[in-house]
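Novice: For the protein sequence lines, the chains are A and B, in the order given. Just so you know, the first sequence maps onto residues 1 to 206 in my numbering. Just so you know, the second sequence maps onto residues 1 to 206 in my numbering.
The calculated lysine-lysine pairs, modelled on DSBU-like cross-linking and capped at a C-alpha distance of 35 Å, are:
| hint | chain 1 | residue 1 | chain 2 | residue 2 |
| --- | --- | --- | --- | --- |
| 1 | B | Lys93 | B | Lys81 |
| 2 | A | Lys205 | B | Lys141 |
| 3 | A | Lys155 | B | Lys205 |
| 4 | B | Lys205 | B | Lys113 |
| 5 | B | Lys187 | A | Lys187 |
| 6 | A | Lys187 | B | Lys113 |
| 7 | B | Lys155 | A | Lys93 |
| 8 | A | Lys61 | B | Lys113 |
| 9 | B | Lys61 | A | Lys61 |
| 10 | A | Lys141 | B | Lys205 |
| 11 | B | Lys105 | B | Lys141 |
Please keep in mind that the hints were generated in silico from the structure rather than gathered at the bench.
These are the residues of each chain, in order.
2 protein chains.
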Amino acid sequence: MELTKELMASKTAAKQDTRIALLEVGMDIMLEKGYSNTGIQEILSALQVPKGSFYHYFDSKENYAVEIIRHFDDCYTTMLKTIVSNPEMTPLKRLRTYANESRNKLNDQACRKGCLIGNLSQEMSDQSEVLRTELSIVLAKRLELFAACIEEGQKLGEIKSQHSAAELADLFMSALSGAVMMAKTLKRIEPLDNFINIMIDDLIKA
Amino acid sequence: MELTKELMASKTAAKQDTRIALLEVGMDIMLEKGYSNTGIQEILSALQVPKGSFYHYFDSKENYAVEIIRHFDDCYTTMLKTIVSNPEMTPLKRLRTYANESRNKLNDQACRKGCLIGNLSQEMSDQSEVLRTELSIVLAKRLELFAACIEEGQKLGEIKSQHSAAELADLFMSALSGAVMMAKTLKRIEPLDNFINIMIDDLIKA
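The shape of chain A in the complex, shown without the other chains (with noise of 0.2 Å):
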């Protein structure tokens, strides 16, 4: 009975094992190539998993998505909140903090991959109502800890308070993205240090 007990658990732990193993490759080529041109067949052999075994798992390319967008969303939310929930630096430092760790990420990848949910918003948010559902989620979810971190900066003093840590937080956020796009496409890494040293170092400092 306890073997039957061990062997469940063993297989269901080897299960799991491949369902992550399927997200995380996942990730890693949707992050560099997007969705349309990511083809399951590429992931399926480079983990040797048969085609049946996938659609155990996902129902379609679609649904597998879905999953990896979680799948990401849940590292980095994690991330992110150690780093602008940190009650040892102060709201500002916490957001440059966050900021060079995306400036230096880019960095090392030679302004390559960016980020997978800004990717896939460009690519995807006009083809799939479901995918940009999911996308919506998470970045409203970021949306609302950067203005976390925002207004604590403006209750403090140290960010400007004419707008809304909301709005702020917006333009935060847009301004970021839009330097990972442009630094991927310029394949140069000023647009991040543009957004560091005048958005967040001087434009929104009280």
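Dock chain B against chain A, hints included.
Specialist: Quick look at chain B alone, frame taken from chain A:
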């Protein structure tokens, strides 16, 4: 002799018309669906043009996209120049007018489509060095036009001078492109409103 010349001229005009029609239809479809999701067959069917004729004008889909980018850029740059070099408005007013027009167009399109250059930049910068190079030429051209306008505003004391015109133009374009992307995903126009109200009417204003 005169008749032959006329016939030849009319044939050349018809050929030119077909080429332009292929560019215009391709531009519309690519703006809505992106590069990967655009099928050449769809364009040929829409125009009732045979495949051979398409390949008479364009070597490949990639080359076709390059020509679409150039065609789009020709029209767009003319419009952009008219606004950002208009001597009848102050530089800041010109930037606001341009941003307002972008905002209203996106709003009229129910926050769909956006800008072909931004869309293809996000989708294709890591996929095709040929397209990335073409897109980066367009971005650089726009950055120059914005920088010239901002520099004029700085000289007039209308725009802040703590940062160079080129750096501010970089941030201006990042924030505008990102706002368009956010608006497309959230299907609400506020990111554009926030960009105009906060960035133009407040933060960069001297």
